[in-house]
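Enquirer: Residue strings, one per chain:
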Amino acid sequence: MATDDGMTAPRAVSGQAPDVFRRGAWVPMRQYPDSEEVDFVIVGTGAGGGTLACKLAEHGFSVVAMDAGPYWRPLEDFASDEAEQQKLYWRDERIVDGDNPIDMGGNNSGKSVGGSTVHFAMVSLRFRPEWFKARTKLGYAVDWPIDWREMWHYYTEVEQALAISGPVSYPWGPHRPRYPRRPHPMSAAGEFLASSAEKMGIGWSSTPIATLSAPRGLAPPCVYRGFCVIGCSTNAKQSVLNTWLPRALDANAEIRDLAMVSRIEMGSRGLATGVHYYRDGRWRFQKAKNVVVAGYAVETPRLLLNSACAQFPDGLANSSGLVGKNLMPQSNHGVYGLVDQEIRWYKAPPSLSITEHWNYTDTGKDFFGGYAYMSQGPLPTAWAGSLTSSRGLWGEKLVREMEKYNHQVGLKIVGEVLPQEKNQVTLTDEKDAYGIPIPRITFSYGENDKRLYEHAVRFMSQQMEVGGARDLFVESDTAHLGGTAKMGDDPRTSVVNADCRSWDIPNLWVCDGSVFPTVGGVNPSLTIQAIACRTGDRIAEMARRGELTRRTTPA
Amino acid sequence: MSKDHPHADTSARYPDYDVLAKWNTPSWNDPTRAAVGQRLQVRDEPRFLSAERFRILKAVCDRIVPQPTDRMNKIAVAGLVDRMLEQTESVGYRRAEMPPLREAWQRGLDALNDEAKVRFGAEFTDLPAGRQDTVLELLQQGDVRSSAWGDLPAQGFFKHRVLHDITVSYYAHPTAWNEIGFGGPASPRGYVRIEANRRDPWEAEEKQGAVHHGD
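Line by line, the protein sequences are chains Z and W.
Quick note on numbering: the first sequence equals residues 423 to 977 in the working numbering.
Quick note on numbering: the second sequence equals residues 2 to 216 in the working numbering.
Next up, chain Z with everything else stripped away, as it sits in the complex (with noise of 0.2 Å):
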């Protein structure tokens, strides 16, 4: 008698899956045998497999998502409790060395289906259009193989997709299409950098953000609880997971959860012919005519390296060698302080008010790049986390500073980190519980990433003291990961062509955040499911006519 609580024996079995939106409840899910060739096999659920996952369906593609995580219900399964909810997060043992060893296991990664959508802080930016040509036309890193203006469009359908809530006219960019819902309320977090950055003389916007702010079908509007970053338990996060699957599943894809990928199986004619994967205690083997990999920036080098054979003894698509490599976390300073007001900063979504300023000015900087920043709520675990590792408080000293958690405000950059092909992920000796190779993570902060994120502090402390805020202090963190599978036009350079579809297997793709030449200086969701409903679209049109089983050549 197993419990059901979605961790123990996979949900979506029996030809149904669980209705995200209801207690208890089931939708309908068509099921594929392992023995069928599915046209598309999707290793991961987030923000881009989740995304492809439905486009392809819904072009009449059959498709199973596999995804090493539960199929969570939010009304019945999310707790309003930091602890329990880790159980979002990818905790199986990584290894991080290097300068700066980033922290895993919590804001970068996702073990659910739906992937970190589950628990991102719904921020949903546009990237810059200048950082499609980061290289031409601000001198830095390099181009990405697409014009801002297809992204444009791509954004706008994610967008429309998430019910994003916004403001009626954003302050940076070109022009970009309302948001389908109005701004929420600004909390006192938010409105503690909207006043400072008018002290500063710079502009701020209330986030477009991906809570609703009227009610969507089943999903309630935003009642403010302020738990979002550890899941939404009313389902107005407008997550993959009751988003884009839910689409997914009525176009007829398979969801299959709990289900962990290591290797995918090369043919003898230089194709890919389906995943192993272990589902329910035994290993099995899922043909397909397709392989896409979308399990982001660790997952997704891991697998590809681990499926090494005979004919790619150095890993699938790394032709170019760069697979795992350029590994870009953003990061993720912050400036934290006291001011008189009770803020109660664990209410509403901790990043409702932003400046996009040093995203868009290009003139007072002493560095390539751009950054955001944020107004910040964290729950208390983490806030004595951001003071036991920032401060090394203990012992008294740390109980009195936690008694001052209800008058405490903050501002948290999200910074482009540059691309440095020493920075990157690769196999281990030592194998998790699977026998997979545990992967190791190594990242140093070069020089331009440090000018970047030196100026932020700077400036944002200058704005804390105008806002009023004494006691300061920084904390070093990062966020969001990208680029060990970077997309480009050419196969030397580059490990998937525009459309995600690798140089060297035409039938491999990497459809997540992976595949970003550049990171920005935004968060990365907006992008990966652009990216991903772009990806669906170019290979409908490749279908039709007939470019999908024949060799990519660049051009």
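Treat the hints with care, since some could be wrong.
Calculated cross-link-like contacts (lysine-lysine; reagent style DSS-like; alpha-carbon spacing at most 25 Å) [unchecked claim]:
#1 W:Lys160 x Z:Lys872
#2 W:Lys59 x W:Lys160
#3 W:Lys208 x Z:Lys826
#4 Z:Lys826 x W:Lys23
#5 Z:Lys826 x W:Lys75
#6 W:Lys59 x Z:Lys819
#7 Z:Lys819 x W:Lys160
Hints listed in this document are in silico derivations from the structure and should not be mistaken for laboratory results.
Given chain Z, put chain W in place with the hints provided.
Expert: Frame of chain Z; chain W shown alone:
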């Protein structure tokens, strides 16, 4: 009503607030009651660590998160850390120079105790609080002499395990939420008043003058 929900000690700053009074209100849902309810049952007894190591851990917890002497029901911090170790093999990563989570705790507690012996000629648990603090400060600075550390970095053990795991366990407890005036669980009911200096009737009221301005 009071018989129907558990209680936690209140604090000086928020004297009228017990987050557990909301147990049966729309602020708490079933999964939250289940998770927090289990936590409230945890006692300061080892299930994973040996009795000897648990005694050291308990003494360390008393210094890292000291609790008011007049607190009726102290948070079983060592018990919570032990339960975490029982249930968790990894927090999702480890630094290359650190051993896995459980091994780090086992070796670290042994070495910490030996450090106390090397420095002060007594078990950590037998030292007065001031000397215990000195041992912990030396760890924090990486200034250790005991050979028991081997290749375990004392500073890394202190920062990533001692400080992190103990404080995270403490601030996951309702009594600690009362201490800092955290609204606590909020689902399905969230909040209506989210502006500065506004609070809903189900939030903690801060005692006037509790905030010390300036120095």
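Enquirer: Are the hints correct? Go through all of them and say.
Expert: We went through each hint and held it up to the structure:
1. W:Lys160 x Z:Lys872: It holds: about 23 Å lies between the C-alpha atoms, which stays within 25 Å.
2. W:Lys59 x W:Lys160: Holds. Lysine 59 (chain W) to lysine 160 (chain W) sits at ~17 Å (cutoff 25 Å).
3. W:Lys208 x Z:Lys826: Holds, because 13 Å separates the two Cα atoms, which is no more than 25 Å.
4. Z:Lys826 x W:Lys23: 22 Å, holds
5. Z:Lys826 x W:Lys75: Satisfied, since the Cα-Cα distance of roughly 21 Å is no more than 25 Å.
6. W:Lys59 x Z:Lys819: 19 Å, holds
7. Z:Lys819 x W:Lys160: 16 Å, holds
In summary, this structure violates none of the numbered hints.
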